[in-house]
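Participant: Single-letter residue listing:
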Amino acid sequence: MSAKKSSSPSIPEGSEASAPSGQASEQEQEQKQLSQSYWALVWWRFKRSKAAIAGAVIVVLSYFMGALFAEFFSPYLVNQQSEYVEARPQWPHFIDEEGNFHLRPFVYGLEETIDEELFKRTFEIDKTKQYPLYFFVRAAPYKLLGVIPMDIHLFGTDPNDPEAHAYIFGTDGLGRDVLSRIIYGARLSLVLGLAGQALTLIFGATLGAISGYYGGGVDMLIMRTTEFLNAFPREPILMALAAIIPDSWNPMWIYFGLTILLAFVYWGGLARQVRGLVLSIREREFVLAAQSFGASDRRLLFRHLIPNTMSHIIVIATTMVPAMIQSETFLGFLGLGLRPPLTSWGILMNEVSNVRAIRFHPWLLLPVPFILISLLGFNLMGDGLRDAIDPYSR
Amino acid sequence: MSEMSETNNVLVEVNDLRVQFDVRDGIVKAVDGATFSVRRGQTLGVIGESGCGKSVTARAILGMVPRPGQVVGGSILYHRRIKSNGTEMTDIVNINDLNPDGETIRQIRGGEIAMIFQEPMSSLTPVYTAGTHIFEAVNLHRLMPIHKVGAQMTETIQAHREVTKEEARDIAIDMLHRVGIPKPEQRVDSYPHQLSGGQRQRVMIAIALSCHPNMLIADEPTTALDVSIEAQILDIMRELQETVDMAIMFITHDLGVIAEMAEEIVVMYMGKVVEKANAVEIFYESKHPYTRALLKSIPTIGKKRRKRLASIEGMVPDPFDLPSGCVFHPRCPEFMPGKCDQIVPSWTQVEGEEHWARCLLYEEV
Numbered sequence: 001m002s003a004k005k006s007s008s009p010s011i012p013e014g015s016e017a018s019a020p021s022g023q024a025s026e027q028e029q030e031q032k033q034l035s036q037s038y039w040a041l042v043w044w045r046f047k048r049s050k051a052a053i054a055g056a057v058i059v060v061l062s063y064f065m066g067a068l069f070a071e072f073f074s075p076y077l078v079n080q081q082s083e084y085v086e087a088r089p090q091w092p093h094f095i096d097e098e099g100n101f102h103l104r105p106f107v108y109g110l111e112e113t114i115d116e117e118l119f120k121r122t123f124e125i126d127k128t129k130q131y132p133l134y135f136f137v138r139a140a141p142y143k144l145l146g147v148i149p150m151d152i153h154l155f156g157t158d159p160n161d162p163e164a165h166a167y168i169f170g171t172d173g174l175g176r177d178v179l180s181r182i183i184y185g186a187r188l189s190l191v192l193g194l195a196g197q198a199l200t201l202i203f204g205a206t207l208g209a210i211s212g213y214y215g216g217g218v219d220m221l222i223m224r225t226t227e228f229l230n231a232f233p234r235e236p237i238l239m240a241l242a243a244i245i246p247d248s249w250n251p252m253w254i255y256f257g258l259t260i261l262l263a264f265v266y267w268g269g270l271a272r273q274v275r276g277l278v279l280s281i282r283e284r285e286f287v288l289a290a291q292s293f294g295a296s297d298r299r300l301l302f303r304h305l306i307p308n309t310m311s312h313i314i315v316i317a318t319t320m321v322p323a324m325i326q327s328e329t330f331l332g333f334l335g336l337g338l339r340p341p342l343t344s345w346g347i348l349m350n351e352v353s354n355v356r357a358i359r360f361h362p363w364l365l366l367p368v369p370f371i372l373i374s375l376l377g378f379n380l381m382g383d384g385l386r387d388a389i390d391p392y393s394r
Numbered sequence: 001m002s003e004m005s006e007t008n009n010v011l012v013e014v015n016d017l018r019v020q021f022d023v024r025d026g027i028v029k030a031v032d033g034a035t036f037s038v039r040r041g042q043t044l045g046v047i048g049e050s051g052c053g054k055s056v057t058a059r060a061i062l063g064m065v066p067r068p069g070q071v072v073g074g075s076i077l078y079h080r081r082i083k084s085n086g087t088e089m090t091d092i093v094n095i096n097d098l099n100p101d102g103e104t105i106r107q108i109r110g111g112e113i114a115m116i117f118q119e120p121m122s123s124l125t126p127v128y129t130a131g132t133h134i135f136e137a138v139n140l141h142r143l144m145p146i147h148k149v150g151a152q153m154t155e156t157i158q159a160h161r162e163v164t165k166e167e168a169r170d171i172a173i174d175m176l177h178r179v180g181i182p183k184p185e186q187r188v189d190s191y192p193h194q195l196s197g198g199q200r201q202r203v204m205i206a207i208a209l210s211c212h213p214n215m216l217i218a219d220e221p222t223t224a225l226d227v228s229i230e231a232q233i234l235d236i237m238r239e240l241q242e243t244v245d246m247a248i249m250f251i252t253h254d255l256g257v258i259a260e261m262a263e264e265i266v267v268m269y270m271g272k273v274v275e276k277a278n279a280v281e282i283f284y285e286s287k288h289p290y291t292r293a294l295l296k297s298i299p300t301i302g303k304k305r306r307k308r309l310a311s312i313e314g315m316v317p318d319p320f321d322l323p324s325g326c327v328f329h330p331r332c333p334e335f336m337p338g339k340c341d342q343i344v345p346s347w348t349q350v351e352g353e354e355h356w357a358r359c360l361l362y363e364e365v
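Protein chains in written order, with my numbering: chain A, 1 to 394; chain B, 1 to 365.
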């Protein structure tokens, strides 16, 4: 049994316990395992890594909350301004001043004060006012996914009390809710990561495959181009190229421009890997066989060579998405990336890129943990995928 | 049309084919004057040791000589049968003159001359099912742009199957059934890694036959398979050949297999065809010393005497530095000093109508 087990790693650990009848069901199990499709095997290995699963959950959640349903998950609209400028976070509480426990969480109100030292208006927590938080409240109207009109938000204050407000992560210099802006900011940043990666994939895989398949002069040209691009340090070349995007463009154009720019800077790595894979795959007999059945070069490239590199491409792409997101944040931080009125994580970082913000409103730094966690999620998922993608190894 | 009827039976005529590989260490003459022809419906066996140019010849017929190889001489005449206005005509195409990436050659590949390979393990694309491979072959020859090849070709193209997706699936199942794959309805959705070596080779044969080619080039199709599977595959090939009237060019180094399959045999040594005759004559009345030596080296069952297995003296010569005169002379048991090492033997008819050899023993010098 144990010898058998070590020789066939594809039998799940639990099979012994669940199959007391032994030999027959084990063979059945093995048979089942053998007839699994490639992706079923990948999934089976992937889910054995807890870190990878955690990463995948983080990634899926952040896309779900940020990219798809930001309006629903955020209590306020992205550019909804209020009189409470640079207000402190109103953390939710369960226990009030007197020590009474409330099942429904509440926030304390805000009170306007003058800071004598700075001669400045500030908002302090006013513990005399309590606003309970409700789930699925009707507040500012929006269109879900851009089409369905809705006004329900995941949580908020009593809609019948015009005084009530809950800025649990505080507000920025224009009185906008920081939490809502983090959730909205995720949309542009995360989608930019994916879109940039998709473009990189198309450019990189196609050029890499052409380079590897044809070889010779074409290969030389493509590979020297990637080397030329790789010879520059990433950040300076991104900065230089981002500076080319004219200010006069409307924000959406800038967004597309930035996506293309990121793809342009990042395609080289992928192209080189695909080229390497294609160089080895094109010598396999099935390529010769396909050719002997009259397949054209284009068919060989797109139907036989690239699909066979797909598992590797997907892993490389997953591990590169966080780099894209990071680049957007980095450019935004320097003020070279997306610009207001868009809201992205880069723009949020740009708003705290001064000592004053860090000294007096440190809550504006709250996007940082969100950025870190989502990048971490991507990296964990990518690592897990990389280990899982070759189920026949070991 | 009288000339037509004479050549009617010939499908592929290889005349003095020369293929060279220009590599860093010099020029290798992989095929150096190969001459033979394949007749419709016939099985031609090509035999020779590794590196003698068998596979390169086969690939030259499909216009697929691997880089850095180059066809430097000779011709490969493919007699293409075209039906036009109810009469049948034969159009002779020289494959060496065709653009290797052009429409015509791509149409011939697979559609008219199909090929199966030595390694069934790697001849199928790992990401597609058995069925997809067959649909693809069928589709390739259905989707060929008609207008580009000229109006006269239209009918030939329509003679390829015109099929929808559902029909393609049925064709695939039918083909798998014909090559003897059990439960073809299920196997049609299997990926190559789920099939055994024998099954994969059957799938390859099914793909090859799905477009009704006139000729099948089988490049050592059973070398990687075990003996019982080999016998099954050979049976299937023979059976199918009878039903679809297709020529087979069977390349192997296994004399037993060739004896079973071929009607006519071509023996190659160092890129040259050294002997050509029908199968019976090759085995019982071989003329060239190389062929005789090859036949002697087959181990036989039942010999009581303890005797070393006969082998051919010496080593295969260095391809960069071929011996002068007859390339086989350093290893030849019938070496004639002063003759064999100086004169290059020519392609001579020996005995009988269709028995040719390249040896000075049969030449008046």
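Heads up, a few of these hints could be off.
Claimed, not checked - Only part of the chain B face toward chain A is listed, based on derived beta-carbon distances under 8 Å:
#1 80
#2 117
#3 119
To be verified - If you want the ones that stay clear, here's a sample from chain B, every Cβ over 12 Å from chain A, calculated:
#4 207
#5 213
#6 295
Please keep in mind that the hints were generated in silico from the structure rather than gathered at the bench. Note that the Cβ used here is the ideal one computed from N, Cα and C, for glycine as well.
Participant: Each hint: holds or not?
Facilitator: Now for the hints, and whether the structure bears them out:
no. : hint : in the structure
1   : 80   : violated (15 Å)
2   : 117  : holds (5 Å)
3   : 119  : holds (5 Å)
4   : 207  : violated (7 Å)
5   : 213  : violated (10 Å)
6   : 295  : holds (31 Å)
Checked against the numbered hints listed earlier, the structure breaks hints 1, 4, 5; every other hint is satisfied.
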